[in-house]
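Residue numbers (numbering that gives the first Met the number 0), protein chains in the order written: chain P, 0 to 104; chain W, 0 to 298; chain Y, 0 to 240.
Derived from the structure by calculation, the hints contain no laboratory data.
Treat the hints with caution; some may be incorrect.
[To be verified] These stretches of chain W come out as covered by chain Y in the derived footprint (C-beta under 8 angstroms, 3 or more residues):
{"#": "1", "stretch": "110–121"}
{"#": "2", "stretch": "175–189"}
{"#": "3", "stretch": "258–268"}
Virtual Cβ for every residue (Gly too), placed ideally from N, Cα, C.
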Amino acid sequence: MEQFVMTFPAACRLAEAHPPRLCGVVSSGNLEVLVESGDPGDACRIEVSTPATGFRDIWAAVLRDFVERQPVGGLRITINDAGATPAVVSLRLDQAMDTFRSEKS
Amino acid sequence: MSVKKTSFFEASARTRIARLVDPGSFSEFCPPQLRHTSPHLARLHAPVAFDDGVAVGCARLAGHPVLIAAQEGRFNGGAVGEVHGAKLAGLLDKAVSERPAAVLLLVDSGGVRLHEANAGLIAISELMRAVLRTQAAGIPVFALIGGSCGAFGGMGIVARLCAEVVMSEQGRMGLSGPEVIETVMGVEEFDSRDRALVWRVTGGKVRRALGEATRLVEDDVAAFRAVTADLLAEYGARPLKPSSLDTLFDAHARLTARTRRFSAARDGREIFAASGFSDIDGVPLMAVDAFNRHLMETA
Amino acid sequence: MTTDALFNSLFGPGRHTIIIDGAFMHGTAVVAGREAVVIGTRDHAEIDCELALKVAGTLLAAVAEDGNGSRPPRTIVILVDTRGQALSRHDELIGLNGCFAHTAGCADLARRCGHRLVTLVHGDAVSGGFLAFGLMADRICALPHAQVRVMDLRAMARVTKIPYDRLVVLAEESPVFAPGAENYWRMGAVHELWSADDDWCARLEAAVNCAEAGDTRAALGLERDGRRLASPLAQLVAAAS
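All chains should be modelled from the sequences, with the hints used to inform the complete structure.
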């Protein structure tokens, strides 16, 4: 298992607060993504737990893309991975943001 | 109006809950953001899940207050570990004090989680006692089975302790899974790759024909919802009576007679034949309505 | 130890009338100066539908016999030696899980009717075979050499794909997956570990006297530091709003 935290500058943020949302299931080749409102700020903190060691650079690239296309300022995102491909990770992250935004607190 | 079908088999645990209960009525206990993950999986460097593979909470179904749990079969086969089991046990404890109309267990589990096997076995024993305690207090527990892992191992026992067992044909129920029996006893005993045979031994239809399941429904969350709503109304009108010496003597006589009657049976065909189906090989493909009608007419 | 020697150690010579019917045992014995019902299995019994129903029938008969108020409900002593559930297509087809649930339901009825249930593991206690009735007792005691387990470590290594050597090391630190009555003691599911030097009659009498109807195993597991999460988490859910 490898665990790491990456913090990205993210100026774009959602206007309203939302309740925490979980998306996806921890099963082989898949992952779960938990999105929570964090401290106010223009950064996004992403914590990853993955059984595949040595792919940190790829994670960094995938997460940077995600942060650049979504309004994630001030969010805390936590990922439990079970060996998902970068494409599945990107897809699940976007789905997680969609479900997160769909419900207002 | 067209209603889109949601396959119970394909849906995740959380989707099953969301579509089963009255819209927006589910409120989760110990939700994922509290991160009650399994330390035992982590110690073995196995992936963890924020809900440890089970969502528990309260909701309304057709207006009735219920407590509800759904196991996630895709996370470690829905297997029961310490945290997972404790959430289920706590929900049943809550039922005794809060007296909901029923507790709904959406079972999707292979049984004990091997990574924490002792904790899982003990948790299942605690669950068995908790289901019995809840029902002795007059609160019915319903098992809803239609996921890819079915209800096996200790969860197969827990399911059968429930006042009602609602299954789809896709759902399966038993104690040892076909793969386990094949591994230990050989492929002649049980060929786990013969999917038709697997379903004729463990599937919803054979379970319903045998009386192990109390209802058979389509693989559609709406169908599970409709039958659960009916059951809630039934138990509302005629509350569950705790089992007694008389009811257990009756159950004992039924099980003993059944065990004798099918003393050599090894294939669901024999159960279907005994249930009076004329086209035995056609039963697995029979529509649920026609299947249920036949059982009702021959009962 | 022969079956008769076991009975003599537990109940005293001449104080037991127990019928051996293959792997199944049933009868009565004197415990704490009173008649007790004895139900059990031996020879590492594989529990199939028929055997589970024999146990269930004996439990029901005991409840019926004491149910007319002629005497206080007798203690039921459950002797466990099982290698697990029967692994057969036949038993699966006719609902082995249903038979086990029925047996568990009968044990629970006995408890509700005032019988105290004490389990003595005198051999193996494995998975489903243990769940069906042994683990349903109010108090569970493991005799010396009792083997309590779900799966041995080599099989676990194969299924989980975790190297065997690593499991052996981890089993030293945690009671949570490795076989052994001591692990179950630490986790609260075995109340007492007996040794060969103990006076088993006296220990059985004491076990009967402190058997309680409530399920306190999670609390016991916490107290013994073998199961830290089960009790607090169950309480958290039970108290949630």
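Consistency of the hints with the structure:
For the stretch 110–121 of chain W, the stated coverage by chain Y holds: 10 residues have a C-beta nearer than 8 angstroms to a C-beta of that chain, and at least 3 were required. Check on the stretch 175–189 of chain W: 8 of its residues sit with their Cβ under 8 angstroms from a Cβ of chain Y, so the three-residue criterion for coverage holds. For the stretch 258–268 of chain W, the stated coverage by chain Y is satisfied: 7 residues place a CB nearer than 8 angstroms to a CB of that chain, which reaches the threshold of 3.
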